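Start from the sequences and build out the full structure, keeping to the hints where you can.
So the protein sequences, as listed, match chains B and L. Counted from 1, the first sequence has number 63 at position 64 by numbering that gives the first Met the number 0; the numbering is strictly sequential. Counted from 1, the second sequence has number 158 at position 159 by numbering that gives the first Met the number 0; the numbering is strictly sequential.
Quick look at which bits of chain L chain B covers, simulated, 3 or more residues with Cβ under 8 Å:
hint, segment
1, 13-20
2, 25-37
3, 86-100
4, 226-239
It should be emphasised that the hints constitute simulated quantities derived from the structure, not laboratory data. Only a predicted model underlies this, so the values are computations on that prediction, with no experimental measurement involved. For each residue, glycine too, the CB sits at the ideal point set by N, CA and C.
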Amino acid sequence: MSKKNAKKTAAFIVTLIVLILFMIPFFILVINTFKTTQEFIKTPFALPQSPNLDNFAVAIRRMNFWTALKNTAIVTISAVLVNTLVSAMTGYLFARKRWRVNKVIFMAFLASMVAPFQVYMIPLVKIYAGQLGMSNSLAVVAYIAVGLNIPFAVFLYHGFIEGIPEDLDEAARIDGCGFTGTFFKIILPLLKPIIITVTVFVAMGIWNDYLMSSLFLTKQETKTLAIAIKTFLTNHSAEYAPMMAGLLLSIVPILIFYLAGQKYIIEGVVAGSVKG
Amino acid sequence: MNKQAVKKAKKIAQFAGFGLPATFIWVTVVILPFIYGIWITLTDWNGLALDIHYVGFANYKSVFTDPTFLSSFVKTVIYAAFTVAASNIIGFLLALAVTGGIKGQGLFRAGFFTPNIIGGIILGYIWNFIFSYAITGFGKAIGVEWMSTSWLTHPTRALIALILVSSWQMSGYLMVIYIAGLTNVPAELIEAAKVDGATGWQAVQKVKIPCIRNTIAICVFLSISRTFMSFDMNLSLTAGGPYKSTELIAYKIYQTAFTSMEFGKGQAQAIVLFVIVAVISLLQVYFTRKGAENT
Chain B
0 MSKKNAKKTA
10 AFIVTLIVLI
20 LFMIPFFILV
30 INTFKTTQEF
40 IKTPFALPQS
50 PNLDNFAVAI
60 RRMNFWTALK
70 NTAIVTISAV
80 LVNTLVSAMT
90 GYLFARKRWR
100 VNKVIFMAFL
110 ASMVAPFQVY
120 MIPLVKIYAG
130 QLGMSNSLAV
140 VAYIAVGLNI
150 PFAVFLYHGF
160 IEGIPEDLDE
170 AARIDGCGFT
180 GTFFKIILPL
190 LKPIIITVTV
200 FVAMGIWNDY
210 LMSSLFLTKQ
220 ETKTLAIAIK
230 TFLTNHSAEY
240 APMMAGLLLS
250 IVPILIFYLA
260 GQKYIIEGVV
270 AGSVKG
Chain L
0 MNKQAVKKAK
10 KIAQFAGFGL
20 PATFIWVTVV
30 ILPFIYGIWI
40 TLTDWNGLAL
50 DIHYVGFANY
60 KSVFTDPTFL
70 SSFVKTVIYA
80 AFTVAASNII
90 GFLLALAVTG
100 GIKGQGLFRA
110 GFFTPNIIGG
120 IILGYIWNFI
130 FSYAITGFGK
140 AIGVEWMSTS
150 WLTHPTRALI
160 ALILVSSWQM
170 SGYLMVIYIA
180 GLTNVPAELI
190 EAAKVDGATG
200 WQAVQKVKIP
210 CIRNTIAICV
220 FLSISRTFMS
230 FDMNLSLTAG
240 GPYKSTELIA
250 YKIYQTAFTS
260 MEFGKGQAQA
270 IVLFVIVAVI
280 SLLQVYFTRK
290 GAENT
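See below:
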């Protein structure tokens, strides 16, 4: 028994060392946010000699941090809300009404999940920024984010609702609920676990998105966090210490979210990619 | 007759209320751009709306005869091969480590997964600083030549850096999927193997790995298609450099379209990427179905 314990302790120590190695980039990031640029270049691995918070103030100003944070939150929250509502309703319709048109659309949804974003990238810019002249609109970015995530969300809602017995719908109908009433009063409350999963996956994707948003959001006041940090880092090429602070600031919101719901987040992110 | 009309109207109303919003958004964001994109590949559009001509398959032809595109394709294959191998092996080993009953398993899982909650742009910049300043500073201090100059200024080393950082991120992700597979392996099977005198590693080889064949297939295909679509880290870590030596395929498409303003050609490259990713996904469906039938 003690041999087994010794083995477990050894495994624990090895895993711990690997985890520390894994986390080194973040340690380096954190310690260097409190240094001056000169100190960072001279001794990047040392602890800061006289820690100060100046870098954060510089980064917040240069990145327009609060505006970027607000924009990211607006896009993410509005896209997630709309996506959840329309996808859950469609998932319900497709699961309960096996009309031919529903089956065809559902299959088309599934097929479209295969395509990488690059296929839509150029036409989306041409249509929404070019012909409709809607660049620098947070609403357009949110709208596209909703659309790109619909197939996956409908797929998960559809699967989950198929697992809910139709007897429940029947009972509700006898009690006088229509199709709409049944969905909002009976089904929607039961969807809580799957809503959490889908929301986490969709929200993380939108929050961290750079490519799609950057095609539309070019003005200082419409930039999201990922775009703001990118411009800050490319435009101020010699002030490394404030840049490190900017990077850390961009991570903090999502890190708080992660600490709060770590279990759901891991499940959601993985459920999203293992759809098959 | 009248009753049927009412029924039909009800059906239309239900579809309009429940199915139409999502379908409409999806059509305008996914389907129309997709069809429109195919049209774009047949034109010489360069960003100026007034100046568009039909050019047939010239864009596709130029994609397949463009040495820079072919070279970025080859680099993507190399990058994908190493990243897929490294991140699957590391991810699997991490999963083994955190399902073995050691203390703080939950914390370890959360820790290894952390890089996946942060966007590729930010991760790429963090590593960019580490490669450009931290490692070089350290290398100069201890006088080691290959650490004194930044890896990102050397073509081969920049690609290696990209592979390292991508594997670092993706292994924590794959770990979680491997954990799900490993926890489904019946404990009796492992016990039985141990009773028969199998060592820990033999139990892994002979029992665990065969039991999670499906999980392995999912992880391998998932990592292949993700590496082929890799963009963010490519942009922030190497920006395709030095001398365009690390332009992976997704990055190349972006450059062709938005830097060279060759939209038709860029879209044709995107269609090529689409075909590659679609084939990978179909293979995945084929292999996982086949695996499911065998077990």
